[in-house]
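Sequence order for the protein chains is A and B.
Residue numbering for the first sequence follows numbering that gives the first Met the number 0, starting at 0 and increasing by one per position.
Residue numbering for the second sequence follows numbering that gives the first Met the number 0, starting at 0 and increasing by one per position.
Since the hints were derived computationally from the structure, they do not count as laboratory data.
Keep in mind that the hints are not guaranteed to be accurate.
Below, in silico cross-link-like pairs of lysine to aspartate or glutamate (DMTMM-like), each with a Cα-Cα straight-line distance of 25 Å or less [what the hints assert, rightly or not]:
{"id": "1", "chain 1": "B", "residue 1": "134", "chain 2": "A", "residue 2": "136"}
{"id": "2", "chain 1": "A", "residue 1": "9", "chain 2": "B", "residue 2": "129"}
{"id": "3", "chain 1": "A", "residue 1": "201", "chain 2": "B", "residue 2": "82"}
Quick list of simulated restraints, FRET-style, between CB atoms [stated by the list, open to error]:
{"id": "4", "chain 1": "A", "residue 1": "318", "chain 2": "B", "residue 2": "117", "range": "30 to 40 Å"}
{"id": "5", "chain 1": "B", "residue 1": "117", "chain 2": "A", "residue 2": "159", "range": "24 to 34 Å"}
{"id": "6", "chain 1": "B", "residue 1": "20", "chain 2": "A", "residue 2": "202", "range": "23 to 33 Å"}
{"id": "7", "chain 1": "A", "residue 1": "306", "chain 2": "B", "residue 2": "20", "range": "41 to 51 Å"}
{"id": "8", "chain 1": "A", "residue 1": "304", "chain 2": "B", "residue 2": "197", "range": "10 to 20 Å"}
{"id": "9", "chain 1": "A", "residue 1": "12", "chain 2": "B", "residue 2": "20", "range": "54 to 64 Å"}
{"id": "10", "chain 1": "B", "residue 1": "115", "chain 2": "A", "residue 2": "102", "range": "16 to 26 Å"}
{"id": "11", "chain 1": "A", "residue 1": "202", "chain 2": "B", "residue 2": "26", "range": "30 to 40 Å"}
{"id": "12", "chain 1": "B", "residue 1": "115", "chain 2": "A", "residue 2": "300", "range": "37 to 47 Å"}
{"id": "13", "chain 1": "B", "residue 1": "131", "chain 2": "A", "residue 2": "316", "range": "23 to 33 Å"}
{"id": "14", "chain 1": "B", "residue 1": "131", "chain 2": "A", "residue 2": "32", "range": "24 to 34 Å"}
{"id": "15", "chain 1": "A", "residue 1": "306", "chain 2": "B", "residue 2": "238", "range": "13 to 23 Å"}
These stretches of chain B come out as covered by chain A in the derived footprint (C-beta under 8 Å, 3 or more residues) [as the list claims (entries may be wrong)]:
{"id": "16", "region": "102 to 109"}
{"id": "17", "region": "125 to 138"}
{"id": "18", "region": "153 to 164"}
{"id": "19", "region": "168 to 177"}
Quick reminder that beta carbons are idealized off the backbone N, C-alpha and C, glycines included.
The primary structure of each chain is shown beneath.
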Amino acid sequence: MAKWIVEKGKGLYFLLFCVLMLVLPLILRMSEAGDYYLSLMVFAGINSMVVIGLNLLMGYAGQISLGHAAFFGLGAYSSGIVTTRFGLSPLWGFTLSIILNFLIAYLLAKPILKLKGHYLAMATLGLGMIFFVLFNELPITGASEGISVGKLYIFGYNMNSRYLKDINYYYLTWIFTLLLTYFALNIVNSRVGRALRAIHSKELAAHSIGVDISRFKTKVFILSTIYAGLAGSIFAHYSTFLCPVDFGLNYSIRVVTMGVVGGMSSIWGGLLGASVLSILPQFLDIFAEYDILIYGLVLILSVIFMPEGISQKISLCWEKCQKKWFHEV
Amino acid sequence: MTMDNNTALLEIRGIEKDFGGVKAIENLSFMVKPESIKGFIGPNGAGKTTAYNVISGVLAPTSGEVYFQGKKITGLKPYRIAEMGLVRTFQNIQLFHNMTVLENVMMGRHVRSKSGFMASALRLPRMRAEEKETKEKAMEILTLVGLQDQAYFKPDSLPIGYQRLLEIARALAAEPELMLLDEPAAGLNTKETSQLAKLIFRIREKGITILVVEHDMELVMEVSDEVLVLEYGQKIAEDIPRNIQTDPKVIAAYLGEMDD
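Here chain B stands alone, though its shape is the one from the complex (with noise of 0.2 Å):
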């Protein structure tokens, strides 16, 4: 990467987004800078799947605008974003049933591969090259993840936790240089947990930035450089995990909240 530490590999300026009057989010600027580890917290319905879906192209902002690299990615679509080095994980897991667990992970290697239709009909030789290597690669990551075993299995066997992990490996499939996690530790155990949490420093010993949604607050709060804090589509708080732990307005937006 050639940028330098000071400027944002992400940044966020006024974005706004209203469905039929309701407004999901409002004025949202923030930065995220290479490879730190972002955290990106707050109530339920606060909007920051909205936001999650405003910056990776699923949604397009009322106003306000989205830059990565440098460059303006507003109104381009998912996949171009996604080709540029920015992917995310979901929330309500979306992995591929009709293909195997290797399979989703090779998925994940499509923008870092192009055979076309001509190639693949013909098997031309380069095409079984790139094949082999998105295979390789595929099982490299697998083996990170410590999904190995299962490479042969359908997703829908796994247990949650390792669906979970199947989709940060997709994600991590296609080399990004910003991985957005929608609630990585939903549905994992305290031993799961802390296992992410490892898996999170690991990924970004490879260079690669997070920005983590999450609401285990002890994960969080351990991994994270930064934490923002979302309210009713607001920011109410930007800061240092410890800063954050101690602020007035995060603990009167999650008070009854703050012990899960």
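In isolation and in its complexed conformation, chain A is listed as follows (with noise of 0.2 Å):
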């Protein structure tokens, strides 16, 4: 048994998460301010999908970027304008999202990724910077007074009815958070993964082994944009109004730090530092206010105390467990 569950492993606790995910709501629900918890799961999943994408370029590949806010923005006004300036449907705004950040990452990757380090980081801060100032500036966003989007239909069905639109959402946004988060193990345990990790561990040998070193982190950086662009159409159409706000410094700073508290380099730290920094904060006060302040104290503390995330201490803790119960293992 115990020898079972090793082997299977991965992929059971996979199956086991999408199971829990799936009932959560009925519990959450049980509550008197069940929409409320389910509207933050929601948003735990949205930024899931976010951390993971940046957990794959920065965790995996060791490119940094502080600009990602950029992409999850660009997905977002894709859905906005597509709907709201067009009056198209909400899947052209998906498409829009996906092709839109595509062909930005892929113009931006071969200038910027050739930078490294700290290079890499001001090249991307700026690069958020530019586009915080398209999306406040540019008439078609709406510039700073913002932009409403339109409801999203799937096969005829109103996702933002009145009554249902949290538990709706909810669903919505984990079936792809589960389906990014199965892409995405799947890619770092390949030779895909493999590769990712030699041009972070050592550039040099990774390209002697073979390993088309421009090409892997263009392709990496675009999945990543791509994760923040699908965020964004959803977030879009859960929030139904955008504001240059949500799309600035901020937001690129936050992403960074859940990752960095989960795990940059685990795709489980990713979903688990976006939802526990998604969440926890709605139930301290004390974020409302200070709440940027917060977030730099937590990625201080976590880079010095646990560089490598909550996730592997849980790992370690898990290891010495299953040694202790199953011995032969």
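Dock chain one against chain two, each of which comes alone in its own frame, and use the hints as you go.
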């Protein structure tokens, strides 16, 4: 039994997690504030998508990005503009979100990912600022006044119906999140995942053993922006109104903090970090006014005391428990 | 391999490399025959590692050309050269410390497999089959170099001798035509060095050609069919080991160093 669990380990955990997420709303809705909890879970899912994409880029390939709010925003505004300005189906918003992120990431990848370390951090920081200015100034994005987003219909079913909105979006968001988690887990345990880790570890050695570094960097960068863009599109329809402030430096720092707290080089860590930092602050009133301050502090403390994130602490614990419980393993 | 024994697998033609006016390599030409073992020696700072960097595409030469399997490879990116079947190890060990020993060797299979982002994300059947094969081949090679029991360790937990073996295993996993070894015996004790010599012969038996930079003269003279000597970036001798040992120019270059 114990051996079977260890062998089937990763797939089994994922399956269990899917089941848990499926039944969670039933438990949450028993509470009077059920819809509020569901809405927190929606944000947890949205942020998880961004953080998992970011973890592939930062934790696995070792390429920092302090500008991912830009790609999140591109996704959100794609949906907003397509539904409100052009009156098209939300599906086109999602499509545009993917295409736009793909193109922009593709064009930016070559010049930007040549940079390393601090220089890459600065370049992505600048990128985030440029996009923030665009969201804040362009007439098509509604500038600083913002833009409203059309309702999301899936096969004619109105996701934004008054009483079921939160539960609808809970399932929509987590189907996306779980799917993207599944893809990410598969990628990290593959030839591609090893190549990304090799780039992170020793670029020269990776290059000399046949890894086309710039190609892998470009692809993982594009992938991470598409993750962010999809999250942005769902965010847009859920929040029904977009303001540039949601897509500024604050958000970029928040997602990096989530990644660091959960564990950058772990997909589960991304989920965990995003969920904890999306939900916990809502229960701590002190966060309200000082949130970015607290985020900064959390970031510093986790880098000092658990640079590998909570997920690593948990997996170390789990290994110890396994040794204790299943002696034969 | 379709090449007959007279044509060179690797041919260096008139390589020059300047570093801001300092000539690291001057007009270097030599050939490596298929399925041979060539020793590449010279005092520290003679330009051996620079030559390796030029051959493997890490550095562009100031002038001159490198031909591999009859094709010009100067100017190609290192990964392209690796794909063609020319891989190297590093003097300052360059293992991936965020992976297990086994995964390091699996990295060597990168050029012999092709699953990309799509196939991996969806775990397509061919990706799974490829992954299984990669793992099996890597395990096979670990067994060949004698590191099978360390497969699930992290490389930085291994003693230096094992780390050097692991670098060789990773290069071997790529099933190269030509392997450039850069001081594989550095930091090894006598016993390990004699095991290394056996391993080098076994690699050659697999039809892999070897160029080896090494300071351990005993090892070089034992394994090499031919030895190339570099001093101040220039070739001063190229001959069979016995003649190299008695060559007055080589002795002069190594005066006072010969006993290490």
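Note to self: For the region 102 to 109 of chain B, count the residues whose Cβ lies under 8 Å from any Cβ of chain A; is that count three or more?
What the structure shows: Since 6 is at least three, the answer is holds.
Check: Within 54 to 64 Å or not, the Cβ separation of residue 12(A) and residue 20(B)?
Finding: holds, 60 Å
Next item on the list: Kindly confirm whether 24 to 34 Å is satisfied by the beta carbon distance between residue 131(B) and residue 32(A).
Entry: Given about 49 Å between the Cβ atoms, the range is violated.
Item checked: 23 to 33 Å as the expected CB spacing between residue 316(A) and residue 131(B), which holds or is violated -> Roughly 31 Å apart at Cβ, these two residues keep to the hinted range, so it holds.
Notebook entry, point to check: With a cut-off of 8 Å between beta carbons, are at least three residues of the region 153 to 164 of chain B near chain A?
Noted result: violated (count 0)
Checklist line | Satisfaction of the hinted span 10 to 20 Å by the C-beta atoms belonging to residue 304(A) and residue 197(B) | finding: violated, 48 Å
Next item on the list: Just tell me: holds or violated, for the beta carbon distance of residue 20(B) and residue 202(A) against 23 to 33 Å?
Entry: With a Cβ separation near 28 Å, residue 20(B) and residue 202(A) satisfy 23 to 33 Å, so the hint holds.
Item checked: CB-CB spacing for residue 102(A) and residue 115(B) relative to the 16 to 26 Å hint -> holds, 20 Å
Note to self: Taking 8 Å as the Cβ threshold, is the statement that the region 125 to 138 of chain B is covered by chain A upheld or broken by the three-residue rule?
What the structure shows: Held - the region 125 to 138 of chain B has 4 residues with a Cβ nearer than 8 Å to chain A, which meets the minimum of three.
Next item on the list: Take the C-alpha atoms of residue 9(A) and residue 129(B), compute the straight-line distance between them, and say whether it is at most 25 Å.
Entry: Within the cut-off at roughly 19 Å; holds.
Check: Between residue 117(B) and residue 159(A), does the beta-carbon spacing fit 24 to 34 Å?
Finding: holds, 33 Å
Item checked: Consistency of beta-carbon spacing, residue 26(B) to residue 202(A), with hint 30 to 40 Å -> Holds: the Cβ-Cβ distance is about 31 Å, inside 30 to 40 Å.
Of the numbered hints stated above, those contradicted by the structure are hints 1, 8, 14, 15, 18, listed in ascending order.
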